[in-house]
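J.: Here is how the chains run, residue by residue.
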Amino acid sequence: MLDTLKQDWLGNVRGDLLAGLVVALALIPEAIAFSIIAGVDPKVGLYASFCIAVVIAFTGGRPGMISAATGAMALLMITLVKEHGLEYLLAATVLTGVLQILAGYLKLGSLMRFVSRSVVTGFVNALAILIFMAQLPELTGVTWHVYAMTAGGLGIIYGFPWLPVVGRLIPSPLVCILALTAVALLLGLDIRTVGDMGDLPDTLPVFLWPDVPLTLETLSIIFPYAAALAVVGLLESMMTATIIDDLTDTESDKNRECKGQGIANIGSGLLGGMAGCAMIGQSVINVKSGGRGRLSCFTAGLLLLIMVVFLDDWISQIPMAALVAVMIMVSIGTFSWDSLRNLKSHPLSSSIVMVSTVVVVVSTHNLALGVLVGVLLAALFFANKISRFMLIQSADESDGHRIYTVFGQVFFATADGFIAGFDFKEALERVTIDVTGAHFWDITSVSALDKVVIKFRREGADVEVIGMNTASATIVDRFGVHDKPDASDPLLGGH
Amino acid sequence: MHTIIACIDGSASTGAISLAGAWASQRLEQPLTLLHALEKPPAPPAADLSGTIGLGSREQLLEELTALDERREKVALEHGKHLLQAAETTAREAGAANVTQRQRHGDLVGTLADLEADTRLVILGRQGEDHAAEAHAIGSHLESIVRRIHRPILVTLQAFRPPRSFMIAFDGSATAQKALNSVAGSPLLAGLPCHLVSVGPLSEEQQRQVTRAHTALMEADFQVTVATLEGEVQGALNRYHREQQVDLMVMGAWGHSRIRQFFVGSNTTRMLSQAEMTLLLLR
Numbered sequence: 001m002l003d004t005l006k007q008d009w010l011g012n013v014r015g016d017l018l019a020g021l022v023v024a025l026a027l028i029p030e031a032i033a034f035s036i037i038a039g040v041d042p043k044v045g046l047y048a049s050f051c052i053a054v055v056i057a058f059t060g061g062r063p064g065m066i067s068a069a070t071g072a073m074a075l076l077m078i079t080l081v082k083e084h085g086l087e088y089l090l091a092a093t094v095l096t097g098v099l100q101i102l103a104g105y106l107k108l109g110s111l112m113r114f115v116s117r118s119v120v121t122g123f124v125n126a127l128a129i130l131i132f133m134a135q136l137p138e139l140t141g142v143t144w145h146v147y148a149m150t151a152g153g154l155g156i157i158y159g160f161p162w163l164p165v166v167g168r169l170i171p172s173p174l175v176c177i178l179a180l181t182a183v184a185l186l187l188g189l190d191i192r193t194v195g196d197m198g199d200l201p202d203t204l205p206v207f208l209w210p211d212v213p214l215t216l217e218t219l220s221i222i223f224p225y226a227a228a229l230a231v232v233g234l235l236e237s238m239m240t241a242t243i244i245d246d247l248t249d250t251e252s253d254k255n256r257e258c259k260g261q262g263i264a265n266i267g268s269g270l271l272g273g274m275a276g277c278a279m280i281g282q283s284v285i286n287v288k289s290g291g292r293g294r295l296s297c298f299t300a301g302l303l304l305l306i307m308v309v310f311l312d313d314w315i316s317q318i319p320m321a322a323l324v325a326v327m328i329m330v331s332i333g334t335f336s337w338d339s340l341r342n343l344k345s346h347p348l349s350s351s352i353v354m355v356s357t358v359v360v361v362v363s364t365h366n367l368a369l370g371v372l373v374g375v376l377l378a379a380l381f382f383a384n385k386i387s388r389f390m391l392i393q394s395a396d397e398s399d400g401h402r403i404y405t406v407f408g409q410v411f412f413a414t415a416d417g418f419i420a421g422f423d424f425k426e427a428l429e430r431v432t433i434d435v436t437g438a439h440f441w442d443i444t445s446v447s448a449l450d451k452v453v454i455k456f457r458r459e460g461a462d463v464e465v466i467g468m469n470t471a472s473a474t475i476v477d478r479f480g481v482h483d484k485p486d487a488s489d490p491l492l493g494g495h
Numbered sequence: 001m002h003t004i005i006a007c008i009d010g011s012a013s014t015g016a017i018s019l020a021g022a023w024a025s026q027r028l029e030q031p032l033t034l035l036h037a038l039e040k041p042p043a044p045p046a047a048d049l050s051g052t053i054g055l056g057s058r059e060q061l062l063e064e065l066t067a068l069d070e071r072r073e074k075v076a077l078e079h080g081k082h083l084l085q086a087a088e089t090t091a092r093e094a095g096a097a098n099v100t101q102r103q104r105h106g107d108l109v110g111t112l113a114d115l116e117a118d119t120r121l122v123i124l125g126r127q128g129e130d131h132a133a134e135a136h137a138i139g140s141h142l143e144s145i146v147r148r149i150h151r152p153i154l155v156t157l158q159a160f161r162p163p164r165s166f167m168i169a170f171d172g173s174a175t176a177q178k179a180l181n182s183v184a185g186s187p188l189l190a191g192l193p194c195h196l197v198s199v200g201p202l203s204e205e206q207q208r209q210v211t212r213a214h215t216a217l218m219e220a221d222f223q224v225t226v227a228t229l230e231g232e233v234q235g236a237l238n239r240y241h242r243e244q245q246v247d248l249m250v251m252g253a254w255g256h257s258r259i260r261q262f263f264v265g266s267n268t269t270r271m272l273s274q275a276e277m278t279l280l281l282l283r
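Residue numbers (my numbering), protein chains in the order written: chain A, 1 to 495; chain B, 1 to 283.
Honestly, the hints are just simulated from the structure, not real lab data.
Treat the hints with caution; some may be incorrect.
Partial list, derived from the structure: chain B residues whose beta carbon lies under 10 Å from chain A [unchecked claim]:
no., residue
1, A37
2, K40
3, G51
4, T52
5, G54
6, R58
7, E59
8, T66
9, A67
10, S144
11, E205
12, V224
13, V226
Glycine is no exception: its CB is placed at the ideal position from the N, C-alpha and C atoms.
With the hints as extra help, turn the sequences into a complete structure.
T.: Here's what the structure looks like:
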């Protein structure tokens, strides 16, 4: 235990500290941008990012993953903030945390196995599109200066790393922010700055119970939001954890991560922050910068707060165009470009799942709905594929005896095909149905078998079912009627 | 089938570990497994702190990290095979008949824990590769292995010769009592002259325990010398070892609570780092 703890924290001190610094610098613009999406003061997102990053460093199940205030969560809070105000958001954040801890104890992290690769890709792409779309208000109805600065900012972000030596030592988003701020100040441009968007933190966060009446009415207001936040937060965290697992070739504890996210959100709500979760883009930046342990997320959170509290006068001077440039970078980096190339080579069904997930999310701004649609579609496609694995062969024995042999999966999607596989018009004395190679999965398939047996019986044939395997037998035993002594034909009784 | 696991890592103790493995394998009449754990190396220092992600960054990063791991692991795998081969040769020359090699991915502690059920005895060097230069450093894994693995552990220094006599560090505690019982019941040290050593001053109760221990060992056909030393524990034990030419010391590992070990350390930890002879730690 102690050994793992030491390894998680101190296994990679230099790499973690450096990566933490790089991440902190990128977290500041993101936290501000996401606060603006949610419609709250930048300090709400900044306090949230600090608190979540620091708490999750201790409580998370995936070292090396960065959690903070996120766009996916911010998008879900907009109406709550608009209609009820900040205090209700804080209360909803605390409740989100409670729900996530509950999910951790109920081991819901393992439900992630039902979320297929295509849904994950769709989620990631939708998230990237949403982050990009959230920048559009900053780019509409503004002077050409803003466009020029945004373009210049992107140029710096992607061009600076190509410089020899310094290019790979200094985070280019930082260079972009510094350069654009300097330009705006020197030229005295009248463009929107971070300071125009609301309060920045000037003190350390203080512990405050959200100022809402503790009534059922409050609960009925915040619960739907908290539930959606909890689901989306866990989804993004689990997906990010999987991505980091792959990148670092290590394992993570998903259920611990669920609980950790919950604790972090409760902490965030009580310190005046909004709900957050793991961040795909930042986590990739962290790993890329050499971060592997818990220390990097902790460092990122702590440095973020220190920088924000001490440099708040400077931060308020940052032009929004610089933030927009950084956020466009995050959205480009989050988008899975491979998935576009794979559209051609992947099976049509998985492409449909991926694209539907994206479309639903982008049209509803709710990642949870998109994932739900994606998972349902994927399940339907799977049921359809599996239903092709059913086959009935029939062999004629002498003396009006016929043997039907059933292979494959019999369930709701194949039940009709199963019934259609028998010829009831043929006059037979004896019918044997051999189901050795078949599996009956649900009550639809059981009643289909019942129907077949009873139909044959009504045609005057003796029916024998052989080779029920144990698993099939269980479900047939529980729900079937044909083998019970008093079963004349209840199913077809009304005909 | 229970086996003796000798952990090889290419440090200066490798030869000693193979010899100790051969010796234990013959004494216990159990097969010897030479184990090389391919530990995941620490993350490479990042060459890129640009903090940017762009088109296909994630895929590219995965590609890069995979290529890096692949190169490193291939070399490590090959290196480990050579180490194991050399260790097997040493062990066979020293008389071990049934020797197998095993290479597993993952850290040593976890690997040993996975194999624990089939393990009779674990043999480790005091320092691994990483600490070769520091005289009394104990290897990064040693402590966690001793805490985690509930099997006897033989800790060798950089040289090993089959023990001709051994001593039991006895303090009357429950762990020491258990250690004593397992020595009495095991063929590993059977027939070797035994020194039952305590560091005084002893209370009357402790005195009685020593007497009982003496009787127990005599009943197990050991030829026992009883000694009570004065002074600071490690120094006294090391002095005794030098005077009496004892080759191996048996001790119960970690008598008191984990919390206390964490804050104040323990005799076991100090003994691990200061001992001048092979140690047999019993849980």
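J.: Would you mind marking each hint as holding or not holding in the structure?
T.: Against the structure, the hints:
no. : hint : result
1   : A37  : violated, 14 Å
2   : K40  : holds, 7 Å
3   : G51  : holds, 3 Å
4   : T52  : holds, 5 Å
5   : G54  : holds, 6 Å
6   : R58  : holds, 5 Å
7   : E59  : holds, 5 Å
8   : T66  : holds, 8 Å
9   : A67  : violated, 12 Å
10  : S144 : holds, 4 Å
11  : E205 : violated, 33 Å
12  : V224 : violated, 38 Å
13  : V226 : violated, 37 Å
In terms of the numbered hints stated before, the structure departs from hints 1, 9, 11, 12 and 13, listed from lowest to highest.
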